[in-house]
Structures are given as C-alpha cells and as structure tokens.
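If you read the sequences in order, they're chains A and B. Heads up, the first sequence is in the working numbering, so the first residue is 201 and it goes up one at a time. Heads up, the second sequence is in the working numbering, so the first residue is 633 and it goes up one at a time.
If you are wondering where the hints come from, they were derived from the structure by calculation, not from laboratory data. For each residue, glycine too, the CB sits at the ideal point set by N, CA and C. There may be inaccurate statements among the hints.
As the list claims (entries may be wrong) - Negatives, chain A to chain B, calculated, CB over 12 Å: (1) Lys235; (2) Ser248; (3) Glu279; (4) Thr301; (5) Arg314; (6) Asn363; (7) Asp414.
To be verified - Cβ pair distances, simulated, as ranges: (8) B:Leu1026 with A:Gly218: 39 to 47 Å; (9) A:Arg420 with B:Ser636: 43 to 51 Å; (10) A:Phe266 with B:Ala1058: 42 to 50 Å; (11) A:Glu219 with B:Leu1026: 54 to 62 Å.
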Amino acid sequence: MNVIELKNITKTYHLGGGEEVPVLRGVTCSVERGKVVALMGASGSGKSTLMNILGFLDDPSGGEYFLDGQDVTHLTSSERADIRGSRIGFVFQNFNLLPRTSALHNVMMPLEYRRSACDRKAAKLYACELLERLGLGDRMNHHPSQLSGGQQQRVAIARALVNRPSILFADEPTGNLDSVTTVEILEMFRRLNREDGITIVLVTHDEEVCGYADRTIHIRDGLVMDGGFSESKGVQ
Amino acid sequence: MRISFQSVYTAFNALRRNLMRTFLTMLGIVIGIAAVITMMEIGNGAAKQIAEKISNMGSNILMVFPYAIEKAGVSTGAGTGVTLTSEDCEAIIRECPSVRSATPVVRGTDIQIVYGNKNWSPQRVESGSEMYFDVNEWTVSDGEPFSARDVAVSACVCVIGKTVADELFGDESPVGSQVRLNNVIFTVCGVLSPKGANLMGMDQNDNIVIPWTTMRNRLSRSGGTASTSSVSTEYSRGDVYSLSEVELYPARDASQTENYLMPIRFNNINAISASAVSADAIESATSEIAELLRLRHRIKSGAEDDFEIRDMSELLSTLTSTTELMTGLLLVVALISLVVGGVGIMNIMLVSVTERTREIGLRMAVGARSSDILVQFLVESLILCLLGGIFGILCGRAASEIISSVNGWPVSPSFFAVVLSALVSASIGIVFGFYPAWRASRLNPIDALHYE
Chain A
201 MNVIELKNIT
211 KTYHLGGGEE
221 VPVLRGVTCS
231 VERGKVVALM
241 GASGSGKSTL
251 MNILGFLDDP
261 SGGEYFLDGQ
271 DVTHLTSSER
281 ADIRGSRIGF
291 VFQNFNLLPR
301 TSALHNVMMP
311 LEYRRSACDR
321 KAAKLYACEL
331 LERLGLGDRM
341 NHHPSQLSGG
351 QQQRVAIARA
361 LVNRPSILFA
371 DEPTGNLDSV
381 TTVEILEMFR
391 RLNREDGITI
401 VLVTHDEEVC
411 GYADRTIHIR
421 DGLVMDGGFS
431 ESKGVQ
Chain B
633 MRISFQSVYT
643 AFNALRRNLM
653 RTFLTMLGIV
663 IGIAAVITMM
673 EIGNGAAKQI
683 AEKISNMGSN
693 ILMVFPYAIE
703 KAGVSTGAGT
713 GVTLTSEDCE
723 AIIRECPSVR
733 SATPVVRGTD
743 IQIVYGNKNW
753 SPQRVESGSE
763 MYFDVNEWTV
773 SDGEPFSARD
783 VAVSACVCVI
793 GKTVADELFG
803 DESPVGSQVR
813 LNNVIFTVCG
823 VLSPKGANLM
833 GMDQNDNIVI
843 PWTTMRNRLS
853 RSGGTASTSS
863 VSTEYSRGDV
873 YSLSEVELYP
883 ARDASQTENY
893 LMPIRFNNIN
903 AISASAVSAD
913 AIESATSEIA
923 ELLRLRHRIK
933 SGAEDDFEIR
943 DMSELLSTLT
953 STTELMTGLL
963 LVVALISLVV
973 GGVGIMNIML
983 VSVTERTREI
993 GLRMAVGARS
1003 SDILVQFLVE
1013 SLILCLLGGI
1023 FGILCGRAAS
1033 EIISSVNGWP
1043 VSPSFFAVVL
1053 SALVSASIGI
1063 VFGFYPAWRA
1073 SRLNPIDALH
1083 YE
C-alpha cells in the first residue's frame, strides 16, 4: 500500500512583476509503506520543493496529494502543523538543534506542541530510550556544542522520532558529515526502517546515499524521471 | 490561543538559553518600573508634605459662629448671637469623631503690650483653650504653651508671636518675663514658632495668644477699667480661689438645667474653632458638628440653625488642585519612562525573533502552529516584563529609600504604585510583545528553516 501518493503535483512561484517560475511541473509518484525512498536530483531540479510539499511545509499549486489514502492537498496551516507534529518527522542537513539545550531537551522539544494529552514522564522515558537506541545514552545532558556532527544528527533523528511518526523526511541528512559518519547515519536509517517499519524519504544528490534506499526517484527540471519506478539494488 | 503551563515552560527555557539578552531586555523594564516607583514614592512624599504645609495654613479648620442677631430690622452682623457655649465646644471634642480638636474663641479688644520701656500693638490678640495650638497646628518654639489648668483658672499667661517677641525683647528670651496687656500683668510662657505671612499678607507672627477664659474674664469685659485690677500683679485669681472648689460658672439646680439649656450670660463664646482629622474629613466634620449642635440647642427639625459653620474652601481647593497637579505630573513622567522601557522590550524581542528565525522554523516543522509561536513569544515578553516589574519594584523601593536618606526628602511607600506598575508591566509585555510575536508567527516555516 502507498503511504504517499502524488498526482500531477505542480508548484509555481510568483515573483514580483508577474513573473512566474514553475518549479514542479506535474510530479506523479508514490511511496510505499515501510520503504526507504531516495529523492534525487541536481540542485535546482525541484527536489527540495517537492520535499517541502511532501513534508507539509508548503502547499502545492495544483495536483493532488494523498497521505494514507486521505486527500491532504488543501489544508489550513494549522492542520498542516498538526500533521507535521503527529505523523511525520524531519531530519535536516544542518541538524537545527536548539543551542545551549541538552540533547534530552532537544529530543523532547516537539512534545511541547502535542495536541493530545501527553504523560511527561512517559515521554521523557521514551526520549531517553530513543537516545539510548541511537547510541547516545551517555550524552543526554550534553549541549549540541559538545557533540560531534554525527552525534548531533543522531540527536536530531531522535527528535524526529519522539512523536512516533510513520514517515521520516531527511533533507540531505549527511550533507554536513564526513564519509564515516555518513555511513553510520545511513545505517541508522536502515535499522530504524527495519526495526520500526518507518517509511523514510531521503532527499539527496549523493549517489552513495541512494545506495541505501529501496528505490530512487530521480527529479529533473521539476519532473520525475523514469516514471518514478527505478528500483535500486539497495544494500540488503 | 491557549496559554498553558507548557508555553510558560517553553518560554522560560528559551529565556534561560540566553541569559545575557534576557537580563539586558529586562533592564529596560526594571529601570522603567523602578523610575515609576521611585517617582511615585518621592512624589507622594512631596505631595503629602505640601498637603501638610497647606493644612498648616489652616485648611482643616472649621469655624462655628453663632447666628446673626436682628434687632428691630437691623442685623447686627454675623456672630452676634449668643448661642455658643464652651460646653458646645467640649461636646464637639467629645462626640464628633471627625474632629481632632476644638477650642472656644473669645474675641478681644485692641491690646497694647508693654514690656519695660517698650510697647507694641500686635495685629491680633487671639484666645483659646490649650487645644488652640493643636487646632491651628502651631507649635511653641520657646517655653511652653499654656495648660488646661491655666485655662480653667483664667491665668494671666500669654504666648506671644515671634514678631512681638523680637519687638519687645530683641535677643533676650521672653519666657518667664512679665508684660502688661492693657494694664493687666501677664507672664509670657512661650513663643510661637514663626509661620510667616498668611494668604492675605498679614504677618501671622504678630500676635498674642491667651486663654479664652482670661480674655473673657480679665481683658475684654473689664476693658479700660481693668487698671485698678492691676494691683493683683503677683497672684492670679486661681491662687485666691482654689480651682477644685470653685466652679467656672454659678451652680444650677435641676429645674434650671431643665429649663435653661444654656446659661447664656456666663459662658457664651464668640466662636468655636475646630480642626478636622484630615482635609477629607472636613465634610463629615461639618455635618457631625451641625447635627450635634442642633441636638444640643434643641432646634426643631425644619427650623433654621442658630449657628453657622464655615471652612477654608479656598485653601481646600488649592490643596486639591495642587495634589491633582502633582499626581498628574508624576503620572505623565512615569508613563513616559514606561513607554521607553516598553519600546526597549519590543526592540529586543524583534531582534530576538530575527535571531531565532531558524528555531521558529524548526518549531513549526515539528508541529508548532502559528498560534503556538505567537503565544510563546507573548509569554516570553510577559515573563520578561513581570520579572522586570518585580525587580523594578524592589529597585525602586531601594532607590527611594536611598534618596530619602541621602537627601532627606520625605518618601511615602505607595501600595497603589506597586499594583499599578505590576499591571502596567504586564500590559507592556502584551502590547509591546505582540508585534514581535506576531511577526514570528507569520514566518513561513521553509524560509525560517533556511534563514542564515
């Protein structure tokens, strides 16, 4: 079953003076539940825009978007915020951790915006457990400045997972990391996918990253190449 | 929009993350509130002192006069009736809670005071009981005021004003000296502290104060014929007739008391001078006195009063307008400093919004709605202002204490100022925090996330 289905999604930016810049020109693709999918394309290809639309950070100009079979094309900003908070998680290239805040508090930050009542103690335990799982059990009270890049990114992953999302979006998650850590982080993604069944969408321009995905969707000039069905060999 | 424990917690964490900025932001409000508190306290102290000074001029004083007598169509003018007695005065002191003190007044004739080879005609010869000094808020700087006993025995003692003392005695102390007032020998028992001119430009120090009984029994009635009584120089009548045995007035039997409420001929006085407990109490004092006197004088309801009560309304209105002016002035200055503090908060909050753009984007990406961001920044500025307000109140209190001890200015702690500045700092937090918070909440999450 497809957790994400896009039908003919377009996105056009309106610049001043009536100039229009079409970035996505009809993207149709789907992501199956429990897969690791890489979104690949050169810079300017529109992959980041697509990622923003997929991650409910932005509205498409046209087309249809189904999440778990539900039409989510047109939502208010609050509804999109709620989906971002409850059903998806983000990992960013530059980690985006809160400075001068411990790893544990960074992980727990998204809980501040949970709509449903949450048991703080249980949430804290879960955050600890996540950090433990990601190998940061002894770094919980360290501030981001006291952590290495790979450790920071793992804190960010734990943060993305704390609300138990079903999809994880990672925007160039290894862009700021060295090759050893890159492998480490990518292995982490695969493990999470295997153990928790989380669907993971990786945005990258790095061939090596694609190697860790079940499937790669190539974007060029705002269009999906190969009909979005190029199965990569993957690292099984 | 909801302000929950969670948003307060979030705001506190955010503020704690940048202590220096938090402190500097708060400083604006601390200074603003401290300025307000200090100014209010010093201003209140000043206003109180001004009010005190004005009431020294007699703004709290009520004068009770008898009604005007009309004989064969000819009015003899205000205060010519003989309806007030010293017992009325005592009753007023006893039964009117709004009256602090009261004294009978007996009008005197022109008096020449002679000491040695010098003489002087003081502008005013005043009389009263021992309460005269309290009623007029006048102290005796040298010697002592006359006592209740002096009043009871019509003792020949007088308290003289500074001008009189200077004219007759020069540098030497007049206390204990004997002077002649219209050929009656008096002992000077005290000198009044100088008061300066009154509103009409009259020198208030140019006066003599004697017990009202003395005025009545020895000066005003005997008048010019008193010369023969000046033989009794060394002893007063009180020494001849022991006070405890001699009544001031002839004894009356029960039916007399019943029939004649007022022994008119024996203890009528020209006026009663009473002082209210405060300027605000003047109205209630007036009505209390009127009620009491109507009762004592057995005036039927509907009938006209046989007395008249006057207050110093001009002085009172001066007092009121001065106080109002003071309060208004202080308020304006206080508001200006608060606005300055508020703009400071707004500036720093705006800077903080810009500086934390990425953080805002991140918070939005993990599920914060615009309203959450709005509330968070609002709560942050609210906390800043409230904390700043608390510190400001403490600093202001400390500052005004220091100023009052260094400069000797009067300071009066004002609970109102504290409540006001707490309210004002909270509203500053909301008003000036709103724009930055709104700006933050309008941010586009994508742009915010990629803001460098």
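Which of the numbered hints are not met once you compare them with the structure shown?
2, 3, 4, 5, 6 and 8
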